[in-house]
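**Student:** What follows is each chain in one-letter form.
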Amino acid sequence: MSALLIAVPLLIAFLFVPLKNKIKYILPFVALFSLILILKLPIEQVNFLGGWKAPFGITLVLDNSSYYSLIVVNIIFFLLSLIPQIIEKDLSLIFLILMASINGLILTGDLFNSFVFLEITSVAAYILSSSKRNYYGAFKYLILGSIAGAFYLLGTLYSYIGTGSLNLADISKNINSEFLAVVPILIFIGLAVETKIFPLAGWVPDVYASGSALTPAILATGVTFSMMYLFGRIFITVFHGEFLNVVYIFGLITVVVAELSALKQDNLLRALSFSSIAQAGLFLSVISMNSYESLTAGYFHLLNDITAKFVLFIIAASIGKSFIKNKTTGIAFSIASFSLIGFPLFAGFRSKLLILKTAFLNQNYILPIILLFATIIEIAYVLRWNIKLWYPDNILPQEKEKTQKLSWNVNLILLIVALVIIVIGFYPDIYLKIAQNIASGLTNYRAYVTNVLGGM
Amino acid sequence: MVYYISFILIGIGIYGFLTQKNLFKHLISLTIIDTAINIFIISLGYISGEEAPIYSKYTPIANFVDPLPQALVLTAIVIGVGILALGVSLLIKVYEKYGTLDVEEIVAKEGK
Amino acid sequence: MIPISYLVLVFLFGSVVSYLITKANRIVGAIFNFLLTFYALFVLWNLEIGHTEKLFSILEGVENTFKVSSLGKYFSIISLIVISLVSFFIIEWIRKKPSRPAAFNAFVLIMSAGIIGVFFSNDLLTLYIFWEIAVLGSFLIVPMGKEDSKKAAVIYVVTSAIGSYMYLFATFSIYNKYGILEFDQVSRFLLNEPSNLFKWFIILFIASAGIAKSGIFPLHTWLRITHGNAPDAFSAILSGQLVKMGSYVLAISLSVFPSTKLLASFYSGVPLLNYILIWLGNISIIIGTFMAIRQNDMKQLIAYSSVANGGYILVGLGVMNSIGYAGGLFHVFNHAIAAAMIFLSFAAVVYRTGTTKIDEMGGLIWKMPWTFVTYLVGIISLAGIPPTSGFISKWMIFNALLTKGMFVTLTITFIGSVGSFLYVFRPLAGVFLGQLKKKHYEVKEVSPVMLIPMLVLTLLTLFIGVYPKPVLDFIVSIENSLGIKPIEYSGTIIKTSLGQWDTLTVFTMFAVGFIIALVLYIIFPRGKKVELTDQYTGGEYLFNYDLYHYATGFYRFLERLYDKHPSFEKLYGMLVSFFKSMGEIINELFYKVSPSGYVFWISIVILILFWVRW
Amino acid sequence: MRRFLSALIVLGLIMFFISTLPLIPEFGKASLSKVSRAFIDKDVNGNGGNIQYGVSKDLENGAANVVTSIVVDYRSFDTLGEVTVLFTSALGVGIILSGYKRKKFGREPNFILRVSVGILLPLILLFGAYVFIHGHLTPGGGFPGGTIIAAGILLLYLSNEEFDLSKTVKFVEGISGSLYVIVGLLGLAVSGVFLINFLPTGVVGNLFSSGIVPIIYILIGFKVGAELSGIVAELHREG
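Protein chains in written order, with our numbering: chain A, 154 to 609; chain B, 75 to 186; chain C, 117 to 730; chain D, 161 to 399.
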């Protein structure tokens with residue numbers, strides 16, 4: 154049944170090619186359908202596509218972690234589909250394909266299949282990022298993404314040679330240490346571009362800051378989340394945490410470097426995209442501690458980050474120079490940015506505490522220092538932007554006239570998400586439960602292998 | 075030997091990226107890398123003396139090379155084609171916007 | 117009795133109510149704010165010491181609680197006195213506030229909620245949470261001020277964050293090591309802690325939040341720009357109250373975690389750590405005093421004086437003997453009240469004249485006599501001249517330093533005291549005395565609504581100056597609860613090992629002197645009143661009389677001595693621009709490159725990984 | 161300098177790849193993995209093995225071309241994704257180049273071109289159709305077949321200025337793609353498994369054999385042909 158999550162959006166996309174303009178109004182229904190479908194699906198179910206059992210055919214694995222990741226991603230898509238204003242005319246089909254591919258990316262239990270879905274996601278992302286005439290940025294992203302894809306493919310093949318199988322569970326069971334010295338490097342390069350690791354995140358500012366609201370709103374939330382999920386799945390479930398010490402260092406460097414770069418940006422979207430890079434780096438270094446607690450903390454933080462970024466990017470791309478005419482929007486923006494920098498009462502604070510606690514528990518004192526240092530820089534620029542937008546300098550009257558009010562549905566959704574941020578600040582259990590489930594699904598690789606390959 | 079050829083082709087592709095300033099040449103380099111990897115994959119599955127994996131009158135007994143890499147390469151090639159088409163169309167637009175495909179000139183024009 | 121947690125919630129929800137009311141009518145909103153804060157003061161006054169409330173539990177094994185301690189109650193009452201009186205002042209002041217009065221009122225309440233929470237927190241994490249709420253509320257108000265205030269707000273938050281993150285780091289170190297965060301338990305564990313390094317680290321890092329907040333060197337630079345540019349009435353809260361939150365954390369890190377018992381004595385019973393902190397206080401006194409002398413903006417001037425006074429408090433607390441600690445705590449009260457008075461009188465002046473530059477004013481004593489009185493009493497208290505309460509605390513600190521034999525510190529504090537005469541006199545002479553400017557001929561005294569809080573504060577200072585028993589009672593109970601030998605006093609007489617001080621006698625003497633001076637003033641003929649331009653020099657009439665304003669080059673002879681002083685503000689500016697240019701370089705190298713660059717970095721990463729693995 | 165440095169880096173990279181060579185089997189000496197073995201013997205479900213061309217029947221998969229059996233049956237989901245990539249990039253080319261008009265040469269195409277297209281086109285199309293219809297028996301299949309058809313369409317574009325297929329292309333690509341998914345969904349409806357081969361597989365080597373494999377390959381042929389033609393048509397425009 155879980156194949157429907159991929160098949161239905163694809164089918165709709167194929168069917169509606171000749172009727173591109175009508176499709177915008179179907180998006181919410183498709184997203185809602187996926188969401189309901191997921192909630193109806195039983196957990197711990199392995200779907201052998203075509204009836205071929207693992208490791209021969211392709212499997213779709215629905216366990217704790219993928220189930221909750223799917224819920225997160227589809228909620229994001231549902232929310233985005235309710236804001237048709239930011240989906241430019243032709244991009245609705247891309248939206249559907251992205252939905253299918255991300256669902257596939259999360260569900261798949263096959264390394265090569267994940268490569269295919271990675272490529273679909275990337276191609277859709279290239280197209281998204283070319284909106285607003287950002288062709289050069291999109292081209293750079295395309296080159297970088299394709300090279301990374303090539304390395305991912307190489308990694309796939311090496312693991313095929315090493316284990317004789319493409320099934321993640323089978324690889325996890327059979328891979329030996331010789332191959333573990335090579336395959337993770339290749340896969341790491343392949344995923345580093347999408348997970349925004351320094352120094353391969355050069356595409357991010359150009360693409361996120363193209364001015365389109367949809368591009369960063371999808372790429373920084375849903376796509377990032379699924380990529381991080383895939384990263385965890387491959388590096389923790391399949392490679393048993395091998396290679397994570399390198400990821401840890403790269404993650405920390407990413408945090409520092411990205412925050413420093415963000416400091417000088419005079420474009421809000423660019424600053425936010427650097428913050429996005431930094432948070433991704435933080436997430437990766439947190440999960441690199443490779444324990445149930447650290448994964449929980451990491452995914453909890455990631456959830457908070459994407460919730461905040463969802464609000465921030467949409468507002469940053471659609472608001473003009475100030476919040477003068479859009480006070481409610483401004484409030485949502487401020488709430489999201491306070492959560493981003495981890496003020497108490499907001500969701501980000503809880504994840505910051507959790508990360509600190511986990512790091513200290515693992516006798517890791519560098520990560521907290523880097524985290525706090527990065528947060529100080531982040532406070533500087535995020536709050537500077539808040540102040541700039543709330544208390545604009547000398548806005549001319551005609552500019553004031555020109556700024557448009559955002560329509561009610563955008564404001565409503567942004568406010569709801571902002572409310573979620575506050576609620577999570579008080580009762581983090583909802584997000585925490587998601588994060589814990591993802592963490593338990595990812596860390597317990599024995600259960601994963603047994604689940605896919607049958608009792609062995 | 076074929077392995078070395080594909081590695082050298084990857085190297086050529088990377089070298090093209092590192093030294094060339096024309097975006098179209100970058101796209102060509104990308105294609106070279108893709109092709110090199112495809113060659114590498116195919117050669118990984120080659121078993122000398124054995125046949126293409128198709129049952130026919132002439133090959134009734136299954137002495138076949140590894141068919142899986144070939145299937146994977148088929149997929150990889152198609153993906154490569156798709157990306158190439160997308161890249162070319164992006165370059166058309168880049169040329170329209172900047173009037174050049176030279177990286178340095180584009181950067182100079184972006185700065186303005 | 118009303119629980120504190122309800123009070124905090126009332127403030128948080130009250131902020132929304134206040135926002136809505138102020139939207140409808142800003143004066144009613146301000147009255148609402150005043151009533152709420154005054155009510156809170158009333159509630160806090162009646163709190164029993166030892167009252168505990170459970171709040172929530174964020175970290176396993178740590179129950180976050182409120183607990184009323186003498187220290188917290190003392191600080192909270194001072195804070196709420198300041199806040200409620202300033203809120204009363206705001207009722208009139210807000211009429212002229214051009215933009216966003218609703219947000220202003222709402223944020224004041226959010227900030228107050230945080231402040232109340234800070235003073236009653238029973239563990240490190242609760243304190244941190246409410247601390248950040250207070251910072252959040254106050255940070256949002258700062259950019260409503262003058263042109264530089266946006267930059268000021270960012271500097272304020274960043275400085276605060278530096279301190280509070282060090283604090284958070286220490287908090288988690290404690291939690292990781294002991295699994296508890298309550299102050300009592302932490303201090304008990306610290307007493308059994310074998311590692312001296314850990315104790316140092318904990319106390320220093322927890323104190324750093326206080327250092328950042330109360331503007332102690334080396335994190336003092338934010339005070340000038342923030343106090344100077346925040347909305348006028350809010351500067352009174354900022355300097356009179358928020359800075360005291362820092363002193364509170366300093367008091368906790370030094371006395372609740374008994375630093376003298378934890379660490380070995382370094383110099384006559386004072387551990388090295390305290391000694392270092394005392395020296396930070398000394399440097400703050402010097403910097404605050406000398407920089408205040410230079411300022412032409414009256415708010416920035418008093419901002420620097422806040423740095424100096426923060427230094428006094430730290431010196432007093434750092435000595436950690438009976439009289440020094442008491443002096444530090446007393447000085448908290450004095451400076452809170454005095455700074456509030458001074459900033460309120462400035463706010464009143466700005467309310468009428470619209471400027472904060474000293475050399476644009478003059479002679480306002482004729483137009484705003486009551487404001488002048490407030491300012492006068494405020495600066496007398498700040499400078500520590502006897503009939504006011506300011507003298508008592510300084511006297512106690514001097515006493516403590518003398519008994520400990522810290523003569524260098526003593527010298528510095530004396531210099532600071534003398535310096536404070538110099539700098540408080542500058543606005544006095546420049547703003548209130550001297551020639552009235554033509555454009556200020558129409559200026560009137562502010563309305564009673566604004567005068568009442570100012571005069572209440574004035575009377576409070578004088579009253580405590582004569583009869584310090586209420587404050588001393590508090591201080592004794594604090595010292596008792598912390599296991600420090602309480603100070604001795606009876607009635608109006610304070611006793612130390614070096615002698616005693618009778619406030620009543622001194623007040624009587626000063627009162628007699630004042631009356632004599634008043635009589636002389638009335639008896640003797642007045643000086644001739646002249647127009648500002650009615651003077652000449654060298655046979656030429658003066659037209660450009662700005663040059664001859666009192667404030668222009670007021671202390672030129674002094675300033676010349678340290679014209680080329682090293683400036684930490686510049687240093688931090690350099691640090692920021694260093695970070696920025698680092699970011700720029702990184703950006704150019706990694707994020708703005710062409711496809712060639714990307715491939716280069718991919719290759720480099722592979723090569724690095726290759727090198728690492730083999 | 162730049163070239164020298166680049167060469168150095170490239171050398172390092174090649175060294176990296178060479179250093180991985182001990183891990184992989186020597187060229188020509190690869191051994192079949194268990195997965196490939198099972199695919200060749202059609203033995204995934206444990207009832208295959210020892211297949212004889214033209215004789216063995218009702219196997220789990222009836223395609224004589226093992227690669228096809230992998231691409232369209234064992235790993236059909238990959239192929240669905242692959243088609244989607246192509247679909248997406250065709251869509252993307254359309255989106256990026258939207259607003260462009262058909263390129264005009266401004267003069268009649270060459271006589272030879274026009275006439276030979278008339279002769280060659282049916283042959284090309286027929287060949288393409290042959291290739292994808294026999295995809296499960298001979299080398300080739302939907303992807304090459306579709307590409308051949310797209311080459312024919314390219315000829316049409318070159319020979320006729322007024323020729324425009326974009327509407328049809330969209331229609332064909334949409335319908336064939338949907339049918340692919342629907343075939344998969346039919347499997348879901350029939351046996352509860354997405355993309356299952358629910359038709360009888362027949363005798364290995366017969367044209368009508370191996371269940372849904374030829375059907376899907378034909379659909380893929382149409383789809384790839386339409387998509388590549390679409391890309392060709394889009395790239396044949398100008399601003």
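Mixed in with the good hints there might be a few duds.
[Unchecked claim] Below, in silico cross-link-like pairs of lysine-lysine (BS3-like), each with a Cα-Cα straight-line distance of 25 Å or less: (1) B/183 x B/95; (2) A/541 x C/483; (3) C/212 x A/541; (4) D/327 x A/177; (5) A/480 x C/212; (6) A/474 x C/262; (7) A/417 x A/510; (8) D/327 x A/173; (9) C/262 x A/541; (10) C/377 x C/212; (11) B/95 x C/708; (12) A/326 x D/217; (13) A/417 x C/696; (14) C/212 x C/708; (15) C/708 x A/478; (16) C/686 x C/473; (17) D/261 x A/285; (18) A/510 x C/262; (19) A/478 x C/696; (20) C/696 x A/541; (21) A/285 x B/131; (22) B/167 x C/377; (23) A/206 x D/261; (24) A/242 x A/177; (25) C/553 x C/377; (26) C/696 x C/686; (27) B/131 x B/183; (28) A/285 x B/183; (29) C/212 x C/553; (30) A/175 x D/330; (31) A/480 x C/708; (32) C/686 x C/262; (33) C/315 x A/541.
[Claimed, not checked] Computed far set for chain A versus chain D, every beta-carbon distance over 12 Å: (34) 164; (35) 212; (36) 270; (37) 283; (38) 313; (39) 409; (40) 445.
By construction, these hints were calculated from the structure, which means they are not laboratory data.
Yeah, the Cβ is synthetic: ideal placement off N, Cα and C, and Gly gets one too.
**Student:** Decide, hint by hint, whether the structure agrees.
**Tutor:** Against the structure, the hints come out as follows:
no., hint, in the structure
1, B/183 x B/95, "15 Å, holds"
2, A/541 x C/483, "38 Å, violated"
3, C/212 x A/541, "23 Å, holds"
4, D/327 x A/177, "20 Å, holds"
5, A/480 x C/212, "23 Å, holds"
6, A/474 x C/262, "20 Å, holds"
7, A/417 x A/510, "31 Å, violated"
8, D/327 x A/173, "12 Å, holds"
9, C/262 x A/541, "14 Å, holds"
10, C/377 x C/212, "53 Å, violated"
11, B/95 x C/708, "15 Å, holds"
12, A/326 x D/217, "35 Å, violated"
13, A/417 x C/696, "5 Å, holds"
14, C/212 x C/708, "48 Å, violated"
15, C/708 x A/478, "34 Å, violated"
16, C/686 x C/473, "23 Å, holds"
17, D/261 x A/285, "20 Å, holds"
18, A/510 x C/262, "41 Å, violated"
19, A/478 x C/696, "32 Å, violated"
20, C/696 x A/541, "19 Å, holds"
21, A/285 x B/131, "57 Å, violated"
22, B/167 x C/377, "74 Å, violated"
23, A/206 x D/261, "50 Å, violated"
24, A/242 x A/177, "8 Å, holds"
25, C/553 x C/377, "59 Å, violated"
26, C/696 x C/686, "15 Å, holds"
27, B/131 x B/183, "63 Å, violated"
28, A/285 x B/183, "17 Å, holds"
29, C/212 x C/553, "22 Å, holds"
30, A/175 x D/330, "15 Å, holds"
31, A/480 x C/708, "34 Å, violated"
32, C/686 x C/262, "21 Å, holds"
33, C/315 x A/541, "42 Å, violated"
34, 164, "4 Å, violated"
35, 212, "9 Å, violated"
36, 270, "6 Å, violated"
37, 283, "5 Å, violated"
38, 313, "7 Å, violated"
39, 409, "25 Å, holds"
40, 445, "31 Å, holds"
In summary, the structure is inconsistent with hints 2, 7, 10, 12, 14, 15, 18, 19, 21, 22, 23, 25, 27, 31, 33, 34, 35, 36, 37, 38 from the numbered list given earlier, while agreeing with the others.
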